[in-house]
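Student: Using the sequences and the hints given, assemble the complete structure.
Same order as they appear, the protein sequences are chains A and B.
In this note's numbering, each residue carries its 1-based index in the first sequence increased by 15.
In this note's numbering, each residue carries its 1-based index in the second sequence increased by 857.
Keep in mind that the hints were calculated from the coordinates and are not lab data.
Wrong hints could be hidden among the right ones.
Looking from chain B toward chain A, a few residues come up when the C-beta cut is under 7 Å (computed) [what the hints assert, rightly or not]:
1. Ile867
2. Leu933
3. Arg943
4. Gln947
Just so you know, these numbers come straight off a predicted model, no measurement behind them.
Glycine included, C-beta positions come from ideal geometry on N, C-alpha and C.
Listed here are the chains, written in short residue letters.
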Amino acid sequence: MRDVAVIGIGCTTFGEKWESSFRELFLEAGALALEDAQLSGDRIDALYVGNMSAGRFVEQEHVGALIADYAGMASRHVPSTRVESACCSGSLAFRQAVIAVASGLEEIVVAAGVEKMTDVETATSVDALAAAADREWEGFVGATFPGLYAMIATDYMHRYPLTREQLAMVAVKNHYNGARNPIAQFHSEISVETVLGSPLVADPLRLFDCSPITDGAAAVILAPLERAREFTDAPVKVLATAQASDTIALHDRRDISTLDATVVAGQRAYEMARLTPTDIDLVEVHDCFTIAEICAIEDLGFCAKGQAGRLTEDGETALGGRIPVNTSGGLKACGHPVGATGIKQVAEIVQQLRGEAGGRQVDGAEIGMTQNVGGTGASVAVHIFGRA
Amino acid sequence: MSVPRFWRKIHQRYNLEGTRCTSCNRAFYPPRSFCPDCRRAGVIAPYRFQGKGEVVTFTVIRSASDAFEQQTPFVLAIIRLDEGPRVTAQVVIEDVDEARIGMRVRSVFRRIGSEGESGVIHYGTKFVPDVPYPE
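Tutor: Written out as structure tokens, the structure reads:
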């Protein structure tokens, strides 16, 4: 297996992009990534596209071919593969692209993610997202996604010291970071009172504990590390790619407040990179709900179980803290176009390692990590990156 | 949920009927036709649950998908059945703020929802606090 590097990144702005269609979103992100790598599209050997539910959101399947076509690659017959694992689709597309390049089968590959969620009513998107859980035994009885994560929060708060205020501080911190990210959906800083004053969605989670519904796309370009400097002065090396599965339904998990798939994917990634949690300078985690960030910090080994609330309150996960978490604003403030999220996490880490993150830059960042979750933890992908 | 898809599971949903691996005695609800522990050596048979258990965790759903919006607020819980498995279900309780972790519950046959205003009605299992009937 050969080493792989990220040589280009591109993201659309995230938000309610009523003026942009599904295919336009993808093209915009792809063009930005090619421009970043100073590459022409006719050099691309393969495409991997993360997308959760174009069928439900825009009544379009066969997304791989559509994207290859509108990216001008149909005449060259470039292979294009859609990858789906709910909210983890983007990271799994990235992982497939890494494997393709590492194996030597492909040279220059695009890994992208796209989701167009606002063409349908909110209730329809809520229902489409609920399909990431077990439709027959969770969705059928009325479980929503906020409801499932709320049950994690209830269990967690019953067993560990986590206050409602500490949970709100996750959202406050991520909005602070999002206000410093030009692509973020939300640019307003918020207070703990904003979170605690927002309506209850599923007790104890309130509206400001939840990531929003978002349109957006992100793309990154991969090449063999040995060729990376043909395209960029600042290649970023993929130090580890890891993935793990767990039960589809929350009720079948070994421990409701621990995402075992995160623990295992994290361990596999640390092993592959020969690193430990103390080596990581910053991490993008899957904060679809505030409680998810709390669990992720612990499950990735940045603190002991039950300590993430205290870590957050002490500012250790904020910019300037011991382990900055979600400098992009996370899913909470940057937005969560489901299939694009995993790729956006990679783009954020690459920007940070290049030192190009502006007002949210982590000084001297050399090693970064991403953690992307499908459903309530049935699929998790963890990647580690380093300056090359 | 389409009619055939619902119909196929009627027996299991109405009667809290799951399965059990007769090799290792592990019970499954929702039913599984393959034992993750014994794998191909496992022999799976239908198994009727008694319908008693306790609340492991819960939430109060205030904002639901279209099909459940009229029922809000309602208690959604993960319940550990006395035979071992855990299941996600609604807990029917007069005051939603009365739900507690550890609360004893028993299963009841209830309407779950329907496929639109004139569509098929879905019945299934909900839970209620397990208290003696008043005299």
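Student: Which of the stated hints cannot be reconciled with the structure, identified by number in ascending sequence?
Tutor: Hint 1 contradicted; others consistent.
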